[in-house]
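Model the full structure from these sequences, guided by the hints.
What follows is each chain in one-letter form.
Number of protein chains: 2
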Amino acid sequence: MFYLAVMSDSKSNAASCTPDNTVPKAVVSRLSLYLRELEHLTRDGFSTTSSNRLGSVLGFSDAQVRKDLAYFGHFGYPGIGYRCDELISAIKKILGTDQQWPAALVGTGNLGRALLGYRGFQQRGFSIAAAFDVDPTKVGLKIEGLEVCHLARLPELARIHRIRLGMIAVPAVAAQTVADRLVAVGVEGILNFAPVTIALPATVSIVGVDLAIELEQLAFSIVNRPDAGR
Amino acid sequence: MFYLAVMSDSKSNAASCTPDNTVPKAVVSRLSLYLRELEHLTRDGFSTTSSNRLGSVLGFSDAQVRKDLAYFGHFGYPGIGYRCDELISAIKKILGTDQQWPAALVGTGNLGRALLGYRGFQQRGFSIAAAFDVDPTKVGLKIEGLEVCHLARLPELARIHRIRLGMIAVPAVAAQTVADRLVAVGVEGILNFAPVTIALPATVSIVGVDLAIELEQLAFSIVNRPDAGR
Chain A
619 MFYLAVMSDS
629 KSNAASCTPD
639 NTVPKAVVSR
649 LSLYLRELEH
659 LTRDGFSTTS
669 SNRLGSVLGF
679 SDAQVRKDLA
689 YFGHFGYPGI
699 GYRCDELISA
709 IKKILGTDQQ
719 WPAALVGTGN
729 LGRALLGYRG
739 FQQRGFSIAA
749 AFDVDPTKVG
759 LKIEGLEVCH
769 LARLPELARI
779 HRIRLGMIAV
789 PAVAAQTVAD
799 RLVAVGVEGI
809 LNFAPVTIAL
819 PATVSIVGVD
829 LAIELEQLAF
839 SIVNRPDAGR
Chain B
619 MFYLAVMSDS
629 KSNAASCTPD
639 NTVPKAVVSR
649 LSLYLRELEH
659 LTRDGFSTTS
669 SNRLGSVLGF
679 SDAQVRKDLA
689 YFGHFGYPGI
699 GYRCDELISA
709 IKKILGTDQQ
719 WPAALVGTGN
729 LGRALLGYRG
739 FQQRGFSIAA
749 AFDVDPTKVG
759 LKIEGLEVCH
769 LARLPELARI
779 HRIRLGMIAV
789 PAVAAQTVAD
799 RLVAVGVEGI
809 LNFAPVTIAL
819 PATVSIVGVD
829 LAIELEQLAF
839 SIVNRPDAGR
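These protein sequence lines are chains A and B, in that order. Counting from 619, one number per residue, gives the positions in the first sequence under the numbering used here. Counting from 619, one number per residue, gives the positions in the second sequence under the numbering used here.
Keep in mind the hints are simulated off the structure, nothing from the lab. Treat the hints with care, as some may be off.
If chains are identical, the list can't say which one is meant, so a pair holds when it fits in one copy or spans any two.
Simulated crosslink set (EDC-like; lysine to aspartate or glutamate; CA at most 20 Å straight-line) [what the hints assert, rightly or not]:
#1 711 / 657
#2 711 / 832
#3 643 / 655
#4 760 / 774
#5 710 / 832
#6 710 / 657
#7 643 / 832
Spelled out as structure tokens, the structure:
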């Protein structure tokens with residue numbers, strides 16, 4: 619069961635409507651953004667930063683940054699701010715990305731190929747260790763250095779690569795079956811790109827990415843802007 | 619300025635912590651899910667449905683469905699439930715997808731190609747009307763029936779195709795420059811796939827999709843499950 623709760627925005631007092639033991643989902647999303655910016659700062663040669671600087675790049679107030687981080691501990695130093703390396707390590711530990719997360723990709727169509735070529739995963743601690751398809755014209759192909767295997771080999775390769783995550787990039791009609799097979803080999807979480815709702819046991823987490831939904835949310839934000847209809 | 623606020627989860631009383639004139643972002647996200655399910659139901663031959671049925675497929679309570687829809691009006695009929703076609707039209711109008719949203723894609727690497735081949739956009743009212751790159755080995759190629767044009771032609775083609783949205787699928791270092799060029803030709807919103815925060819004028823909306831961040835959120839939900847550490 620996913621116990622996170624989407625509860626706060628940058629303007630509300632999250633703590634006031636948060637039940638015990640939950641961290642607002644929006645806070646966890648912002649942690650990822652902080653991590654991304656801290657890594658950019660480190661790459662640019664900065665060893666320390668401030669809540670003010672972190673916030674201003676991301677469009678949040680410094681108070682927001684401090685409040686978010688306060689959910690998880692005390693990270694700043696008086697007169698110094700945050701030590702980038704230290705805060706990066708702390709956030710990775712909170713997010714769980716200090717661990718390895720070998721993933722299986724199922725579906726090597728356009729989107730699957732893009733996922734295989736996506737450099738961002740490796741940089742952030744994720745790796746696609748095995749890729750699967752059932753299309754005989756795809757099985758056996760090498761994409762981005764990884765051989766596409768028949769889905770029948772999922773149990774064997776899941777064991778060998780200690781697969782923990784599954785990525786579903788198959789058509790909607792096949793998504794539930796693929797999810798069931800991923801669950802059967804013990805994945806702990808699924809990133810689902812198929813535009814369909816998948817039923818899973820409560821012990822498996824899921825994040826859905828439906829690109830059309832992202833566009834719909836963008837459309838809504840445009841037609842409902844305070845300045846809309848100028 | 620994006621005035622939506624992420625404020626509620628399915629368990630909290632959204633109205634109690636929502637300032638006037640805002641709809642919680644989580645509600646708007648769920649509208650997209652309702653729309654997706656309603657379209658599945660229609661395709662399967664159903665002409666009516668209930669809050670109970672809609673909710674159960676998505677893992678929400680019937681009360682949640684009714685409460686979400688109540689933000690926008692009264693849609694159900696006693697003894698009938700919801701008329702699928704009618705609710706689909708209403709949600710599209712709310713989301714703004716009863717309008718046309720011609721989009722420009724910038725970047726035709728792996729991800730850009732996947733976006734060009736993504737069938738889900740067209741089905742949901744979005745279309746990529748023009749594709750751009752600056753790589754001479756890509757300019758002139760035809761991908762999914764669309765010619766890749768040099769980014770220098772953006773102003774001309776934005777006018778011809780009445781481009782309203784931009785999709786950024788270029789490397790992080792180029793994303794801000796591309797965003798600035800999209801803003802200069804008058805796009806109203808940007809879907810940004812580059813793993814970097816982009817600064818935009820308040821009159822342009824943005825939705826960021828960072829696939830590594832989605833995986834981080836999944837990892838967090840796994841390591842923080844109530845049953846974690848069994």
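Structure-based check of all given hints:
For a Cα distance limit of 20 Å, the shortest separation of residue 711 from residue 657 inside one copy, 15 Å, qualifies, whereas the shortest one across copies, 41 Å, does not. Taking the shortest alpha-carbon separations for residue 711 and residue 832, only the inter-copy value of 16 Å comes in at or below 20 Å, while the best intra-copy value is 28 Å. For a Cα distance limit of 20 Å, the shortest separation of residue 643 from residue 655 inside one copy, 19 Å, qualifies, whereas the shortest one across copies, 24 Å, does not. In this assembly of identical chains, residue 760 and residue 774 lie within 20 Å of each other by CA distance solely inside one copy; the values are 19 Å within and 39 Å between copies.
Taking identical chains as interchangeable, the C-alpha atoms of residue 710 and residue 832 lie at most 20 Å apart only when they sit on different chains, with a minimum of 14 Å there against 26 Å within one chain. In this assembly of identical chains, the alpha carbons of residue 710 and residue 657 lie at most 20 Å apart only when taken from the same copy (11 Å versus 39 Å across copies). In this homomeric assembly, residue 643 and residue 832 come within 20 Å of each other (Cα to Cα) both inside a single copy, at 17 Å, and across copies, at 12 Å.
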